[in-house]
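S.K.: Okay, here's what each chain looks like letter by letter:
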Amino acid sequence: MINDPLIEEIPLYEPKAGRSWSQRLHVDMPLLIGLLLLSCVAFVVLYSAGGQKIEMVFRQAGRLGLAMGIMVIIAQIHPHHLRLYSPLLYLFGVVLLAAVLVIGETSLGATRWLNLGVVRFQPSEMVKLTMPMMIAWFLASQPMPPALHHVLMAGTLILVPTLMIAKQPDLGTALLVFAAGWAVLFLAGLGWNYILALAVLGGSLMPVLWHFMHGYQRDRVLMFLNPESDPLGRGYHIIQSKIAIGSGGIYGKGWLHGTQSHLDFLPEPSTDFVFAVLAEEFGLLGCAGLLAIYLFIMARCFYIVVQAQDKFNRLLSGALTVTFFVYVFVNVGMVIGILPVVGVPLPMISYGGTSMVTLLAGFGILMSIQTHRKLIPPLESQ
Amino acid sequence: MNLDFNEKDRFFENKVFLNRIVACVLFINIATVGLLIRLIYLQVVGHSHYASLAQDNRVKISPLPPTRGMIIDRNGEVLANNYPTYSLEVFLDRVPDIDTTLAELKTLLNLTEDEIDRFNTLRRRHKGFEAIPLRIQLSEEEIALFSVRMPHFPGVEVQRRMLRTYPYGELTAHVVGYVGRISEAELQKLDPSIYSGTYHIGKSGVEKAYEDVLHGKAGYEELETNVQGRSISVLGRTEPQSGADLYLSLDIGMQKVAQDALREYRGAAVAIEPSTGHVLAMASNPSFDPNPFVQGISRDQFAVLQNSPDRPLYNRVLRGIYPPGSTVKPFMALAGLEFGQITPGKRVGCPGFFRLPGSDHRYRDWKKSGHGGVDLRLAITQSCDVYFYQLALRLGIDRMNQYMRKFGFGEKTGIDMDGEKAGIYPSTEWKTKTRKSAWFPGESLIAGIGQGYVQTTPLQMARATAILANKGQVIVPRVVERMKAPPDTENPFPLRNVENISIPPANWRAVVDAMVDVVHSGRGTAKGIAAGLTYHIAGKTGTAQVFSVGQGQSYKSMRVKAQLKDHAWFIAFAPAEAPRIAVAVIVENGGHGGSVAAPIAKTIMQYYLKGQANHD
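Quick mapping for you: the protein sequence lines, in order, are chains A and B.
Each residue of the first sequence is one higher than the one before, counting from 444 in the working numbering.
Each residue of the second sequence is one higher than the one before, counting from 460 in the working numbering.
Here chain A stands alone, though its shape is the one from the complex:
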């Protein structure tokens, strides 16, 4: 076993005196600290963005508690079981998506919800997790890098739910689900020539995609390309968001002193555009600080990824980490005007429970992977 590269590269054993409560609970402390830090930022910003209503912060804290609970529960599940149930969960998700398309509830022109009597359930959120699980399950049993027919198979597995979600229509979630699947493929070593070929193919499919887009989706893309063309109409959100951010300057206007958000110039200040509120009130320093917290969390995630002991775990954890960054990037990019407006919330900060539950469930998986490693004793003790 001495020439096992895994053992050489990744120290799998961390000597510990005893098992702390976090270990017993299968909770990863650095990750938890990072997430709690984010939540604190969220409460501070939401209090301001939501018009200084403390009930709003309490409600969000309640959701955080619930989501944290789910995270801890998922963290108890052994990755073996996660892997075992991946295909089933994926299928279940696809069936639910099909159900949404048939009997889903419509709200604001989009059909995204299943009414389960007690709660409204959004299957596309679940697919955000089952997608990388499924692709990781599929590719883990194949040699890396995947062969062409495996890539095609994985591509199909990615595209089916993606298109179903895009049909709802929910372009933002479709994009994230798509990204989660592709992240697994990429991490599995998808050849650069494939990536290039797919990029070209994707680019040439753009006009086709354009053809299938809804009017408002086209508008958003057009507005992204030239927001000033209609400053009081559809380009309004992007312009006002940029004004909010730009007027914040380096140090910001101070907490509760943002004018753009408080005077309703900023659209959806507590959900999709919450980053603009932060940027206006806390300036460049606040933005950099938030990005630093995200980077810290991702750094810890990558630590978990490289320590993961089998292929499924590595692919899944790696994909979840990359997806997390994609969430951040797409939202911030949209708010600062370098990406088109797609309805993607800022992870852990935006007001709302659904996306937070999904996110923390993902972190639960990461924690499970981290805390259910087989302890391999140091070499000397063998």
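Some hints here could point you the wrong way.
[To be verified] Straight-line C-alpha distance at most 27 Å; calculated DSSO-like pairs for lysine-lysine:
{"id": "1", "chain 1": "B", "residue 1": "Lys474", "chain 2": "A", "residue 2": "Lys817"}
{"id": "2", "chain 1": "B", "residue 1": "Lys986", "chain 2": "B", "residue 2": "Lys943"}
{"id": "3", "chain 1": "B", "residue 1": "Lys648", "chain 2": "B", "residue 2": "Lys871"}
{"id": "4", "chain 1": "B", "residue 1": "Lys715", "chain 2": "B", "residue 2": "Lys880"}
{"id": "5", "chain 1": "A", "residue 1": "Lys817", "chain 2": "B", "residue 2": "Lys467"}
{"id": "6", "chain 1": "B", "residue 1": "Lys986", "chain 2": "B", "residue 2": "Lys930"}
[What the hints assert, rightly or not] Now the stretches of chain B that chain A is said to cover, found in silico as 3 or more residues with beta-carbon under 8 Å:
{"id": "7", "region": "491-504"}
{"id": "8", "region": "957-968"}
[To be verified] If you want a taste of the chain A side facing chain B, the calculated C-beta under 8 Å gives, among others:
{"id": "9", "residue": "Gly632"}
{"id": "10", "residue": "Ile686"}
{"id": "11", "residue": "Phe708"}
{"id": "12", "residue": "Gly726"}
{"id": "13", "residue": "Ala731"}
{"id": "14", "residue": "Arg757"}
{"id": "15", "residue": "Gly761"}
{"id": "16", "residue": "Phe768"}
{"id": "17", "residue": "Phe772"}
{"id": "18", "residue": "Ile779"}
These aren't lab readings, by the way, just hints derived from the structure by calculation.
Even for Gly, the Cβ is constructed at its ideal location relative to N, Cα and C.
Go by the hints and put chain B onto chain A.
M.R.: Only chain B this time, still in chain A's reference frame:
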């Protein structure tokens, strides 16, 4: 072997995976740096740009128009006041579809075409944030009607405003003048920092002359507004500076007496306090009600005023130019005495006409049979034309011009009001310049009795009379006695230095005695008003020919239309010994001065010196 392969395979997979992780970490870092660069671009490079945009977004400047100064008469009666009213105003930037809004408001409030036209004119020159008035004065019903439907009209608001009102209406229309909506031409010249939020500006009279003082200065309110443009809070406020109150020397009681006395005629009457030049009354009849001008007079209403043959909009006191007729004779007499061409006692024979040496042309006296031998006193009392023909011939037009100008003939009086006319007092130079021809001695004769080229305004006559009453002390007429203004306010009409006329007391005595005889002697041309006077009035009648009577024709024999009848003049001051009031009255086409104009002057003087009008 299988195991070896698996080991090798595993090693390779590991390498691929780690490569991909490194690629991801690299991508994430590059993307994060990209986000940061964009944030720096927005928040550091573009900060000032976006900060000002945010400020524009949030702060709206709302002008606070100042309260216009009041205009008050010498006894504290308010002649021009402000009262609160509600106006319907439109904020263009908040109205989604202005044409639909206008159409709906038109049916709701019965907007007239005039109002819509005016609104559209204002709209074309609209500047940013300011509201545009649609209707200045809303009735209670209209406010209620609109308020119910207000949510349907975003950007249309009912605003409280101060509106000008003239309690005495037509009595003060010519003196006080009126304010009206600012015209496009006026707007070009106005300082927007002073006039933003103001819709009215002085258009005539004191309102126009003292516009700068009366208007005051606009203030501003910085309002924090939300995305709908509705104001949330007041960030800052610069108080408007109210306009100064003006105290006129005018006596509204006397004004009423004068206006009433003129009621039957077209004409004008001015009363001046000789010692100060303060105008006590200034009536021009017919007059008009200035109040409709404030709210915006309709075209029809204005056309009626504009096209009336009686010309009610025309201030005869300042702008009416008439031949002064015989009212110049006292001044001519002073000129003759000054230049030694006559003495009080020297008699002139009056056969009823005058002939220039070597000419057959007869210059007629108003009295066909002649006055016989007349001295200075009788010449004025009887208004003998021949006496003054001869005097004019001796003086020559240039000496007459030189002397008469000292009394203000042919020159603006310098009153603190706009638009006065200078009239004409001719000279050889004047004739060469304007008529391109030489002066004829006969023209001097005509000028000597205040006809021909000579033209004066009633105000000029009143001023000349006041100067005469002052024994040569020159005054400049003033309507505004004082203003309640900040100390650094510049008076728009500073008093200019004037050169007094030195009149030897004997000369003055001779002329004024004759003028007293005009009223108080049995032969005086205005003897009809002498009854009931407890003081002496020094006066002089005048009859200004509108139409020149041809040689060999008799005035009476002509069928003279009313419009061609002579204008009747009367100038006077009283008490003759210590003058307190000087008056000039003209009645257009009134005929003889003594019978028409003199009673009006008497009424005015009686009001002032007796404290009551004698006719009621």
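S.K.: Run through the hints listed earlier and report the numbers of any the structure violates, in increasing order.
M.R.: Failing hints, ascending: 2, 8.
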